[in-house]
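As given, the protein sequences belong to chains A, B, C and D, one line each in that order. If you're matching positions, the first sequence starts at 26 in our numbering and goes up one per residue. If you're matching positions, the second sequence starts at 26 in our numbering and goes up one per residue. If you're matching positions, the third sequence starts at 26 in our numbering and goes up one per residue. If you're matching positions, the fourth sequence starts at 26 in our numbering and goes up one per residue.
Among the hints, erroneous ones may be present.
As the list claims (entries may be wrong) - If we take Cβ atoms under 8 Å as the criterion, some of the chain D residues that face chain B in the derived model are:
1) R147
2) Q148
3) A150
4) H153
5) P155
6) S208
7) I210
8) G212
9) P215
10) P257
11) H258
Rather than coming from a laboratory, the hints here were simulated on the basis of the structure. Positions of the beta carbon are idealized from the N, C-alpha and C atoms, including for glycine.
Below, each chain spelled out in residue letters.
There are 4 protein chains.
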Amino acid sequence: MNKNDFAPLPPMGWNSYDYYDTTVDEAHVRANADYMAAHLKEYGWEYVVVDIQWYARGAGSMRSQYQYIPYSHLEMDEYSRLLPDPERFPSSVNGAGFRPLSDYIHSLGLKFGIHIMRGIPRQAAHAHTPIKYEQSGTGALLAWKYEQSITGALSARKYDGSSSTAKTIDGTAVTAADIADPSSICGWNPDMYGVRDCAEGQAYYDSLMELYASWGVDYIKCDDICNTNIYPHNPYSGRHEIEMLARAIQRCGRPIVLSLSPGPALIEQANHYKTHANLWRITDDLWDRWSDILQMFARCELWQDHVERGCYPDCDMLPLGRIGGGFGEGQERSTNLTHDEQRTLMTLWCIFGSPLMLGAEMTKLDAWTLSLLTNRDILSMRTPECRPRQLFRTADAAAWTACNEKTGDRYVAIFNLSDKERTVSAADPELYQAAGAAVPSAQSYTELWTGQEYVSPSAVLPPHGCCAFRAAR
Amino acid sequence: MNKNDFAPLPPMGWNSYDYYDTTVDEAHVRANADYMAAHLKEYGWEYVVVDIQWYARGAGSMRSQYQYIPYSHLEMDEYSRLLPDPERFPSSVNGAGFRPLSDYIHSLGLKFGIHIMRGIPRQAAHAHTPIKYEQSGTGALLAWKYEQSITGALSARKYDGSSSTAKTIDGTAVTAADIADPSSICGWNPDMYGVRDCAEGQAYYDSLMELYASWGVDYIKCDDICNTNIYPHNPYSGRHEIEMLARAIQRCGRPIVLSLSPGPALIEQANHYKTHANLWRITDDLWDRWSDILQMFARCELWQDHVERGCYPDCDMLPLGRIGGGFGEGQERSTNLTHDEQRTLMTLWCIFGSPLMLGAEMTKLDAWTLSLLTNRDILSMRTPECRPRQLFRTADAAAWTACNEKTGDRYVAIFNLSDKERTVSAADPELYQAAGAAVPSAQSYTELWTGQEYVSPSAVLPPHGCCAFRAAR
Amino acid sequence: MNKNDFAPLPPMGWNSYDYYDTTVDEAHVRANADYMAAHLKEYGWEYVVVDIQWYARGAGSMRSQYQYIPYSHLEMDEYSRLLPDPERFPSSVNGAGFRPLSDYIHSLGLKFGIHIMRGIPRQAAHAHTPIKYEQSGTGALLAWKYEQSITGALSARKYDGSSSTAKTIDGTAVTAADIADPSSICGWNPDMYGVRDCAEGQAYYDSLMELYASWGVDYIKCDDICNTNIYPHNPYSGRHEIEMLARAIQRCGRPIVLSLSPGPALIEQANHYKTHANLWRITDDLWDRWSDILQMFARCELWQDHVERGCYPDCDMLPLGRIGGGFGEGQERSTNLTHDEQRTLMTLWCIFGSPLMLGAEMTKLDAWTLSLLTNRDILSMRTPECRPRQLFRTADAAAWTACNEKTGDRYVAIFNLSDKERTVSAADPELYQAAGAAVPSAQSYTELWTGQEYVSPSAVLPPHGCCAFRAAR
Amino acid sequence: MNKNDFAPLPPMGWNSYDYYDTTVDEAHVRANADYMAAHLKEYGWEYVVVDIQWYARGAGSMRSQYQYIPYSHLEMDEYSRLLPDPERFPSSVNGAGFRPLSDYIHSLGLKFGIHIMRGIPRQAAHAHTPIKYEQSGTGALLAWKYEQSITGALSARKYDGSSSTAKTIDGTAVTAADIADPSSICGWNPDMYGVRDCAEGQAYYDSLMELYASWGVDYIKCDDICNTNIYPHNPYSGRHEIEMLARAIQRCGRPIVLSLSPGPALIEQANHYKTHANLWRITDDLWDRWSDILQMFARCELWQDHVERGCYPDCDMLPLGRIGGGFGEGQERSTNLTHDEQRTLMTLWCIFGSPLMLGAEMTKLDAWTLSLLTNRDILSMRTPECRPRQLFRTADAAAWTACNEKTGDRYVAIFNLSDKERTVSAADPELYQAAGAAVPSAQSYTELWTGQEYVSPSAVLPPHGCCAFRAAR
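Make a model of the complete structure from these sequences and hints.
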C-alpha cells in the first residue's frame, strides 16, 4: 500500500473536539454523521472523527478541576489496548469496540476516524497487563527485522537486539511494563507512557492497528507525537513511534489515514512527516480568535512547499458555527470570528490546501456557516494539483496564488490583515515571477464568494477580509 | 526582469577562494578562465568568480596573524564604493574597475562574478565620504516609495520616512556615516558596517549594482548575509539588505545572479531566499573532509523541496584537485577526499541540483579530477526538471531519486555512508511511494560513472562510495 | 526550632550509595555503623545514611537492564508512605520501619539518615490509596494557613484555597491520586510523582516527617529536588516541595537535617536553599575521576560566599577506598584517584567547608584511606568560623585561605591542577587583599599532611597535588 | 594598594547622567559640586561623577535621531586617549584635561569621577594613531609578565607571548590598530572597539590610568564591561579588560574606585567582580518607575551575600528630584515616583548597602528630596558591618534585617510591594532563624523616617510604602 494513495485530496470531515471536548458520546456522533450525510457529503465532507478520551470512564465529569482526570479508569482489553467507554458508547460492549458505530457511519457513505494518544496506558504498565506478542520464528516481527537489515531503510533508527530494553523473561508473557518508558510522558494528558523503540513495542502498535482495522477505522489522529512539547530540548522524542505507527498501518492491510498532532510541527522534520504521515498539524490548537487566524499566514508561508498528494500540512479544525458545548458551564457559543474573518479562514485553508475538519456541532449549523462549507468554487482550490504560492505578506496584507496544473485554472486570493479598510492588490507581475508562479494575464477575474467580476486581482477590502479570484482563461 | 530567468540551471563555475584565499590576482583569474574556456566550457562550466577582498591592499600579507587585516586600506571610489586593488588587478586603474577583466572573460564565452560583503566600508563611515544619492522629485527612490505603498508588497519591511535614520542635513551630501549602522558588523571580517533600512541605504545598493552592471558583472556572491552568524539570537539581521540587493539588481537592468553566503541558511526563511535570491548556502564552509560531505546528506534532505528553477540551495564549492595555495606556507595540497568520496560528492551535488563551483586551481587539474567534472551523464541530473527526492537515509546508507519531467529519465543514486564495504539497495518500491516519487520498474540500470549495467538499483559499495543509475525506459 | 542549629558543623558520615547502589541491606548498614563507631566516631564522623530505594522489592536484581526497575513493587503503608523492603531490612517488619535499625545506630552514639525521592509513589496514585489528612478545625493545617496569612512569609508561594487542586469530595478520604501531579516526574527514577502545592500535599509531607521522626531519623537526603534536571527550562520545579519539606520538619518536632540533591544547585536560588535546607549538592554525581575533582574548584569558587552555620554547599560524597560493589559484575574497585588527588580532594572539601560523606565500604578501609579521614588538623578547617576564600584559580593552579574567627588560626591551601610538577605560591599579599582576607604575615607555616615547616605558603607540588598550611601565630 | 581600602563604605555622590544625558558641561558640574559641598557633604555625599561622552564633540546635538552620534569627532591625545571636549569643558584646553575641574572639586573637599567606555576609540584604530608603549627591558610590562609567571595568579587568563595578536612590526610604533579588536563592539554606543588581551593592550590601559591619575580622578565608572550585553551567548566578553583595568589602577599609584556597568551583573561571576572591582551594577538602567524599584527586591536577594567592605553590588542611580533635562524637548520632569516609593527606594538601597549616586540636578532640589538624602539614621545602615539579610519576599511584601556588628544596632525594614494598603510584619522569630540573623527581642522599635515608636516590627503600610526600624537595645 502507498500511504499517499490513502488521501489523494486533503481530508474533509468533522471532529468532535471543538464542541464536545472529552464528553462526546455515540448519540452525538451518529447525529452529526446523519447531518453530514444529508447536507455535506455531496460537497466532499466525509470523515467523522471521535476525538480524545473515548476510552475514559467519567471523562468530563470533573471539568472545573481537570480536563483529563488523572489515574481515572480507562477501558482496556486483555492486550493493554484501550476500548470505548461503554457508558458513552453502548454499542461497543461485548468486545464490539467501535465496529458498530463504524458500520453505521460507513452505511451513510462516510468514513470513520478516531483520536489516540501516543503510547500505552500508564494503568497497563503499573498493572503489568500483557501485550499481544508472538515470538514464533515465522512471525511478522522477525520478517520485519529481516527487511530492515536488507534495505537499511525507512527508518533512521532500526531495531537492534542489543539495545532493546523490553525482554521476555523465562517464557513469561511480555507486558505493558516491559515496553512502557516511565520517563516518556505527555505534558498535558496523564493517560499514557511512551513506547520504547524495540520489537515488542512495534508489536504493540501492530496489535493496535490490527484492532482498529477490525473496527473499520479509516483515519487516526495521533496526539502528543507531532511535537512532544513537554520537552523543549527534544520536541521530536516521538520520532520512533511515528515510524512504528506508519509501519503498523502498512501491516494491518487497511488504508488508514494518519494525522499527527499537536503542532506546531517542526519544519526541519518536514521530510520525516511526509514519509510517514498524511497530515501534520502546523499550529498549536486554533480557536475562534483573529490572532489565531493571523498567525496562520506565517505558518502557511513556512509550509507552502510541502503540500503534496498524500502529504498535508494541517491548519487545524474550523472553529465555526456552534462550539464549546462540552467545555463546561457557559462555554457554548457561536464562533467569535466575524463573517469576514470566517471567509478569510476558509479562503486561506483552501488555497493553501489544508485539510478541513469542522469543529461545529453540525445539527446546529446556521445558513451562513453552511454556505461557507458548501462553496464548490472555493473548495475546488483544495487539490495537490494547485500548488500554493504566497505572493507577498506584510503586517497589513497578504496574497496567494495557485494554478491547477490539470485544469489550468488560476486562483489569486488577497487578504487584508489590518484592522482598517484598505486596498490590496496582487496585480504586479513581478510578484508572480519572484514566487516562481505563472503570471495571470487575464482580462477578468471572478470573485468566488460573491460572483462579482473584477478587471484585476485587487480590491478595497474590509478589515480582516479577503477576495478569492479565479482568472478568466 | 524575472530573477528566476537569470539562472535557469544551477550555476557551474570556478571560485578563487579554495585555492587563493585573499591573494587572488588578475593573472590567476585570466589563467583559470583560459583553462575553463579550453577544457570545461563545453560541459556547461561558465562562471569565473573572484572571491573575497579583491579591494583590499596587501590582502594576504599578514596571513599568519590575520586572514583579513583590520583597518587596512580598501580601494574606494568617490561614492564609497569599493574598487579592485590596483596592485593585484592592474587593468582596473583609471576608473576601469573590473570592466577589462570582465571583457576578457566575456570574450572567452564565459561569465564574470565577484564576491562582496554585506554593507558599506567602515572606512567610508569614519571618513564621512559621500554616497551617490539623488533627491530629485522624479528620481528612482521616490518612484520606489510610490510602488511600495501601492503594492504593499515584496518586502515585509517598507521604507517609512518617520523611521529612517539617514538624513540629509541642510542640503549637504548624504555620506556613508548617514547609512552605516555602527552596531551591524560581521563577526569574522572587519571591512564593513551594515546598511540601515532607509531610502538612502537603498540608493547605496542601487549605486553598487549600477557600477557592477557597468563592469559587466554577471554573478554576485554576497557574504555575511545569508546567516549573519555573529548574532545567534538574530541570524537573519541582514533581511532588509537582501531585499535591497534584489531590488537594486532589478533596477540596474542587468540580469545578475545573486548568491547568498555564508550558511547554514535558515530553513524557516526558505521562502524569503527563494523570493529574492538565486542561490543560498545551506552549509558552513565545506572543505575536503569526509565529515563535511557526510553532513551534507542531512542538509540536502532538509532543503530538497526547495530546489526550483532559479532557486538553488547551495552545497558550497567543490574542494577537489589542488587547493589551499593562498592559505599560507604548507597549506597547498591535493584534496584529502578519496576517489570514492569525490564521486559521492559529485553525485549528491548533481542529483540534488546544487550549483557547482570548482575550488581547484584549474591549471593544475589532473586527469581524474577532470573526469569528475566532465561526466555529461552525471551533470545532466542537474536541472529543475529533476526534482530531487531522498529515498532513505540512515547512519550507514542513503539513496536519492530524481525523474526528469521532460525527458522521462529516471535516476537513482545509492550511497554507502559507513566506513565498511556494504550492500545498499534502493529496490524496494515502498521507498519510492513513501517519497512520493515514481517507482522505477526498469529491466536494467546503467551506472553512470562506470557504464556498467545492473538489474536493480542495488550494489556492494566501498566505504563512502556510491552508484548513480539511470533506469532503462 | 532553628534549622541552622541542626547542623552547627558540616555533617560528616557515611552513605551507602557509592558502594552499594540500590542493594544495601540491614547487615551492611550495621557493619558499617560498627566500624564507624569503633574507628571514626572520635574524629567527628557520625551520620550513617541509607541511600536510594530501601523501599523497593528486588532493587538491584535487574542491574544490567535497569538501575531502577520501573513499576516494581514498593513497600508502602496504609497512608501511601514508603516502608523498608522487609527482605533487605528484616527488622522493619510488623510496622517497625527503620526504628530498630535507627535504635541500633543511636546505641552506638551515631546518627541515622535516609534518602528519599521527592513526591509520592506513582503506585499510590494509580491505586488511589489514602493519605493521612485531618480536616478538624483545630488541626495543624488550618493553623498553618493562619500563620501564613499573617506573616505573608517563609514562602513566596502560599496556600490559596482557590488554586488548590486537591479536593476532598463528599467526605471521602483524600488519596494519593488527589495530590500526585501526573506531569511532575523524575527523569531518571520511575518511583514517584511530584506533590501538588496545596494543603493536602503539605499534609502528606507532614505525615512523612511524623513517621520518620517516630523512626528516629536524624538526616534526610531528598533527591530530585535540588535541580529537577529533567526540565531544563524549569530546573527548580520542586521549589514548593522544598518549602513543604522544611515546614514538615519544623512541625514534626525533631531536628532532622535536610540535604537536597541532585546538583548542580542553582546559584540564583542560593537564598532559597539557605532558608530551607542544611545541605545542597553543588555538583552532578562525583566519582573517582580527576576531571570530577578538577571541576569542583570552579564550583567552590561559585559558592564560597554561601557557607554559613547550618548552610552547607555540598561537594558530594567521597569516592575513596573500596567502591562500586553493588553496581554489577566487575564494578567493585579501589578508588581510581591517586594519593595526591585524594589529598587534594580532602583539602578542598575541608577548607571550603563541605559536608563529608564517605562512599567507601568501611569494613574494607585500608590504612592510607583511614589516615585521610582522621587528620584532625585538616578536619579542623571545617567550621563556619573558617569562612573560605579562594585566592586565585587558573588552569594550572589554585589557592584558598580561611581564617578561624574564634581561634585566629589561619589556613592556606595551594593546589597544582596541572599534569606536571610545578611551583605554586600564595605568598603575595595582594592576593589576600583582593580576596578581602587577612594577610598572613607568619614566620613559618606548618604543612598539615606532612607536618613539615615552610617559610612561606609556596611549594613545588606534584601533578594534582596540594599543600595545606597553618600559619604560625 | 588594597582596592578594598579605596571605598570602605558604599560610595555616595552625584552622577550627571539622569539629568544631563550626554550634554553635561563644566558649568553644570561646578554648580552641582558647589551644591553638594554646601548641603550634602556633611552627610557623606562626596563623589561628583561626569558621565558618558565628555569627549564627544557635539554630543547631544542630534538627540532626536541618536543618543550617541556615530562616527562623530572624539577629542583625543597623541596616544589615542580621549580628552574632554574643549567646547563643553573649556578649562581642559592646552593639555590640562580634567585636572582643573578635578582641582576645583577637590578644593571643595569632594572627590572627582569620570565615566569611560571599555576599549579604545574606533577612530584611533581606523586612523592608526600610536599608543604609549615602552618596550625597554626594565619596563613595567616585563616586570608584570614576570610577576604573573611566578604567582600564576590574579588572573585566570595570563599574557602569553605566543597568543598575543598585537605586534610591533620592524621597530615602528604600536598603534591603536594593533590592539583594537574589530569584532568587539558595544551594542548601544559606537565609540569604541574592545582591547585585545595582550601586553600592548595592558599598556594602553596603563596609559589611561596614568593620565587619569595625573588628572586627580578618584572614581571610574567603566561601561560596556559588567555585562557586554550585545552578545547574549558571551555576556562576560570583557573579562580580560576588567582585569587589565584593575591592574592598571594598581600600577598608577592612585586609589581610584572602580565601578562597572551596565547590569545586570552575572551572579556566577560574583567572585571575579569582587576580586577586581569596587562596584558593579546589578540591574539594567533604573528609572523612576515603580516596576524598576520592584524588580530590585529580587536582585538584592540574589546579591545579598556579596556585600562586603570594598565590594558593593550597585542598585544604580537615584532618579529623584528633577531629572531628564538633557534628554530632549519635554523630557525634564520631577521624578514619577511617589513619596512612599521614594522612601522605599532609599530604605532598600541603604539597608542592602548599595552605593548611592544621585541623578537629580542638585541646584533644583526641593525640601522633600533633600530630606530623603539627609536622614542620618537611614544612611547609617550603609556599612559593611551591617550585613544585609532578606527575611522574606512574596509578591505582596518583603522584609530585610541588618545588624551592625560593631555597634550592635539592629535594623528591620518592612515593605508593602502591593498596590493596596496592607499589614506587613517581620515579628516572627523563625524568619530571623531561617535567615541566619540575630532575632531581635526588643521592647520597642523606632521608625527612622518618622521617629515613631512601635512595639514590634510590623505596621499597616500604604501601597509601595515601607517602615525602617531600629530596635531598642
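Hints versus structure:
Proximity of R147(D) to chain B holds as hinted, the smallest CB-CB distance being about 7 Å (cut-off 8 Å). Satisfaction of the interface hint for Q148(D) is found here, the shortest Cβ-Cβ separation to chain B being roughly 6 Å, below the 8 Å cut-off. With a least beta-carbon distance of about 5 Å to chain B, the hint placing A150(D) at the interface is held under the 8 Å criterion. Because the smallest distance between the Cβ of H153(D) and any Cβ of chain B comes to about 7 Å, under 8 Å, the interface hint for this residue holds.
Of the supplied interface hints, the one on P155(D) is violated, with its beta-carbon coming no nearer than about 14 Å to a beta-carbon of chain B, more than 8 Å. Because the smallest distance between the Cβ of S208(D) and any Cβ of chain B comes to about 6 Å, under 8 Å, the interface hint for this residue holds. Here the hint on I210(D) is kept, as its CB sits about 6 Å from the closest CB of chain B, short of 8 Å. For G212(D), the interface hint holds, since its Cβ comes within 8 Å of a Cβ in chain B; the closest pair sits about 6 Å apart.
Satisfaction of the interface hint for P215(D) is found here, the shortest Cβ-Cβ separation to chain B being roughly 3 Å, below the 8 Å cut-off. Satisfaction of the interface hint for P257(D) is found here, the shortest Cβ-Cβ separation to chain B being roughly 5 Å, below the 8 Å cut-off. Annotation: interface hint on H258(D) holds; nearest CB of chain B at approximately 5 Å, less than 8 Å.
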